[in-house]
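A.B. asks: Put chain Z on the given structure of chain E with help from the hints.
2 protein chains.
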Amino acid sequence: MIFIVAGVSGSGKSTIGIKLAEKLKIPFYDGDDFHPEANKAKMKSGTPLNDEDRKPWLENLNKNMREWEQKKGAVLACSALKEDYREILANGIRGPLVWVFLKGTKELLQERMEARKGHFFSPALLDSQLQTIVYPTYSLTVDIALSPDQIVNKIMENSSSEIGLIGLGVMGRSLALNMADKGFVVSVYNRVAPGEETIVKDFIDALEPNQQVRGYTSLPDFVKSLKKPANIIIMVSAGKAVDQVIESLKPYLASGDLIIDCGNSHFEDTGLRTKTLAEAGIEFMGTGVSGGEKGARFGPSIMPGGNPTIYKRVQPVFEQISAKDEDKNPCCTYIGPEGSGHFVKMIHNGIEYAEMQILAEAYFVMKNGLAMNNEQIADEFETWIESGQGSYLLEITVSILRKKEKGTYLLDAILDKAGQKGTGSWSSEFAFRSGIPLNTISEAVQARQVSALKNYRTKMGSLYSLSGESNFSATAKELQQAVYLATMVNHHIGFSAIKEASKERDWNVDLSETARIWTNGCIIRSELMKKLALELQNSEGVLESAWIKERVEDSFESLKKVLSNSILSNIPTPVMNTSLQYLLSITNERLPANLIQAQRDYFGAHTYQRLDGGDEFFHSNWE
Amino acid sequence: MIFIVAGVSGSGKSTIGIKLAEKLKIPFYDGDDFHPEANKAKMKSGTPLNDEDRKPWLENLNKNMREWEQKKGAVLACSALKEDYREILANGIRGPLVWVFLKGTKELLQERMEARKGHFFSPALLDSQLQTIVYPTYSLTVDIALSPDQIVNKIMENSSSEIGLIGLGVMGRSLALNMADKGFVVSVYNRVAPGEETIVKDFIDALEPNQQVRGYTSLPDFVKSLKKPANIIIMVSAGKAVDQVIESLKPYLASGDLIIDCGNSHFEDTGLRTKTLAEAGIEFMGTGVSGGEKGARFGPSIMPGGNPTIYKRVQPVFEQISAKDEDKNPCCTYIGPEGSGHFVKMIHNGIEYAEMQILAEAYFVMKNGLAMNNEQIADEFETWIESGQGSYLLEITVSILRKKEKGTYLLDAILDKAGQKGTGSWSSEFAFRSGIPLNTISEAVQARQVSALKNYRTKMGSLYSLSGESNFSATAKELQQAVYLATMVNHHIGFSAIKEASKERDWNVDLSETARIWTNGCIIRSELMKKLALELQNSEGVLESAWIKERVEDSFESLKKVLSNSILSNIPTPVMNTSLQYLLSITNERLPANLIQAQRDYFGAHTYQRLDGGDEFFHSNWE
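Here the protein sequences line up with chains E and Z, keeping their order. Residues in the first sequence are numbered from -16 upward in steps of one, following the numbering used here. Residues in the second sequence are numbered from -16 upward in steps of one, following the numbering used here.
Just chain E, with the same shape it has in the complex (with noise of 0.2 Å):
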């Protein structure tokens, strides 16, 4: 490990450096002191090096360095001014390499070099130092105004990262915000790409005093600057993205070092590299982050999924960062292995999808139904939150209702398109590949692959006139009723997944856990999951439980008032059709597929079970 201790003339970096090395019990080496003749005189004589006369010295410390490196390390006193110089020091270092700055007032710099005796140096080269120097965005920064054995256990305290992260987007930003403010030294890391050229540095400039981050634009030098085994965050676009970072990643890591992909990707992508991964001795976690930016940079709800005894080496740091429930307790569980997080969070955002659904159909049918305007519709929300049926997605819908600009509702403005990425869908085509339906999940996600085609949907509103009652009868109370057996229905098929798919891959996943680590930092928190939590612990599933079955017998007259108002006023209620009807039917013993099965053998000879046959399969000649 080679330590250098870099910064302007006078700034301390032999004081320093000595005392560092005495800690540290590895060799002390000045830098000056591997000048050529001709550069000491040089400086003696108050002119200025130039480049050329720096360039042999620094190849010249640079060789030094790596016969350290093969020893017991080295601390190096060097005044390393640019990112030049910089370059060719670290050329060939396998690391850990630690960059320690010591900056300091000019005012400080020239009176701590006036006390100075017997030093060859000109005082008169400060100002052509400090118009100079760069400081690198990768380097641990310390003020030469406090006393040296401070400043010694500051580089002691953050010499290597304890965690590294990749991608430096908007969650990515605020992940690696959010653990610096936690007191953990972060290293980033963002490619240099058109229109990215700077994130890293301007990430860097604009950090708080307290936040110990280095950024990087190199990735060996990234790696070099972790802690070992590293503990690496993948926050990219989820798909080719990830493993392209992954290839570029993988020449620097050694065995037993961890990638974490914190992105939305596909659960079994996560499987599938977890397992490539693994066969190269790297270590891999996918793990799903909700909340958002603002729930990445103040406390998500987070979950991990991967090898249980290595998400140990990060549990300390995503507890810490995650948000927290009503005990106090993280918003972060571990949830099980391989592509377990990434699949919870894919059904936490096709529950997600529905949830938003319900409430859009709610505003509408308040809206068309109901002809309240949105100052009323906001009310009417409010009224739900205190009665307990609050929400974060409800919340933000009372804003988004009371929102103005330039004196007119916003939401008025705002085109009926609805955009999508990929979990919404990513759920639904689970649902058709494994056989587990999804309901609510998929008719909301076709609401709005619907809503999507507005040019279409112009064409044919103005084609077509169709007859509806005015006289909306169901009141906005009933409603309320309606949107949370909607709400619960939904909540129930999002969690049977979870649950279906949990036991078929043998995941174990704690539905009460996952239910808990959703009531706080997440899109979906709500008094329901809540109560959730609680109930999971106890009940199979989510209709299951005798608080969930007291609240559905108490709104299902409401539901069905409001969706029978609701067609016959013309009023589409999409989601909350599909809960219904997905209620209806899952409670009901009889269905009538066996009329389907009758079919299916009358023309396909498929065979069918008979009520009264146990498993054997029959066929019939129908004809």
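Heads up, some of the hints might be wrong.
Note that the list lumps identical chains together, so a pair holds whenever it fits in one copy or between two copies.
[Unchecked claim] Simulated crosslink set (DSS-like; lysine-lysine; CA at most 25 Å straight-line): (1) Lys544 x Lys25; (2) Lys65 x Lys23; (3) Lys404 x Lys514; (4) Lys311 x Lys277; (5) Lys482 x Lys437; (6) Lys89 x Lys54; (7) Lys350 x Lys544.
Just so you know, the hints here were simulated from the structure itself, not pulled from any lab data.
C.D. replies: Okay, now just chain Z, sitting in the frame of chain E:
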């Protein structure tokens, strides 16, 4: 090309062989001339040859055949009584190799042998030969009672097969017989697998005299029997089995040979296979075939996709075996390139899923809402057929409702747990991957999934006792209209998916032609489909047709009434419901997706568009 004219002594092998060789202008050889003298003496003395005697003789013949094949080919007269002998003869022959067996009654054979002069064969051996001979499945067999000219003409006509078929499952057998009925000479192949040892033999044994089908359990022999370039239908389970068959076929194929996958393969697999095989010089066509066993046997609807020039080679076969529409045109049309044939078949099946579910819901409403018994329901459905709303599925539903076993209705004894194969789920997966909504189809697939949870439903049914109204006020006539409307919406959704997929992939699928070939032969043939074949000639989509629009508006109130009644009476009707929700949404210029966009921008900074903002995207600070 080598012809082997075979049969017992006295069957006329030499006479026919010489005549055939003259006609084909190739040499004739008599196998007996190749016997070692020892064999000849043995035969003259009336001692039957044993297999040890025959071996050198057959090997010598085979050696000569390999040489003849290199020149002009030849006709060989040879008894070839047993498969062991034939294997030696065929060993290493590149083909074509045509086997002709002359077959006659014992009386006729004796009569002819007694009339012979100067022949060294002893008539006493006839019995031994008749006991020994095993006719192969793969030969052309001709009755010696015919005149020599007739026999030679028959051999000339059927010397190699028009088309080959691999996979003698239910659908494969039916297609092969259908082709043979239409006068095509067909070679069929099936692997010899446990439980399938006699499948080829059983199939050939059961043929009618007019059906020219040759059966193989050897792939190279099968390929050799086909006209060049070869046209080979494969009819095996979708997935790995298709690739396995292709891989095992490839070594025997030549450039320009064509494989036609008539199974229910995924259209993306078909696209990939078309591309991969083209690189190896092999043509590939994915072709949808609908109609079940009966359709395949007597006239299916056929949806060929692939290279249009290559398609011309099999077009006469496909058009002749397909069902015919009302104007006697074949229910077979070139769909488009790549996987388009299988795509269209997939959507056909998706529509079918929803149609079956809609009928099941109608049955359930009549049973539970209108308290009708099976006979009354069947009577009611018959009036629907009479009034012009008929379909194949409705017709078989009537038969199913009336079907009794031991005095009780069979339908009532069938377990209400619907099975499914791949295509329905594939349609839905496609919907979610592509963003093209397939609401009715997805809901129908999920209805089957929910039905399959029979044990869970039973448990939940005893847990929940949800109150429902009993006064169902919609009439059977209104239900008929409701079903009609749901069906129209379902067809709109299906045809829209074909239109969009075709547009995205430049397939140029003709919607009207697609509807036309679905008017007969396939499972979703109906009176509505006949109308759509006409309407889609000028209309961009189903709901855009003025004829459809009129019927939609006529039926709209009935659907709403049936659904609101069903909801209040606790009768699940998920697909009818979804069809209304879709209709309400797609004809609605304004949907509440603006709220969803605001929520997404609020928590995830996903931005939104404005009604007045063109293509620009906006982000607001909502707090």
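A.B. asks: Work down the list of hints and note, for each, if the structure agrees.
C.D. replies: Verification of the hints:
For the homomeric pair lysine 544 and lysine 25, neither the shortest alpha-carbon distance inside one copy (93 Å) nor that between copies (98 Å) is at most 25 Å. Proximity of lysine 65 to lysine 23 under the C-alpha cut-off of 25 Å is restricted to the intra-copy arrangement: shortest distance 19 Å within a copy versus 104 Å between copies. Taking identical chains as interchangeable, the C-alpha atoms of lysine 404 and lysine 514 are never at most 25 Å apart, the minima being 29 Å within one chain and 39 Å between chains. In the homo-oligomer, the alpha carbons of lysine 311 and lysine 277 lie at most 25 Å apart inside one protomer (19 Å), although the nearest pairing across protomers, at 67 Å, exceeds that limit.
Within a single copy, lysine 482 and lysine 437 get their C-alpha atoms only as close as 37 Å, which misses the 25 Å cut-off; across copies the closest is 17 Å, which meets it. Taking CA atoms no more than 25 Å apart as the test, lysine 89 paired with lysine 54 passes in neither setting, with 37 Å inside one copy and 101 Å between copies. Both within a single protomer and between protomers do lysine 350 and lysine 544 lie at most 25 Å apart by alpha-carbon distance, with minima of 17 Å and 23 Å respectively.
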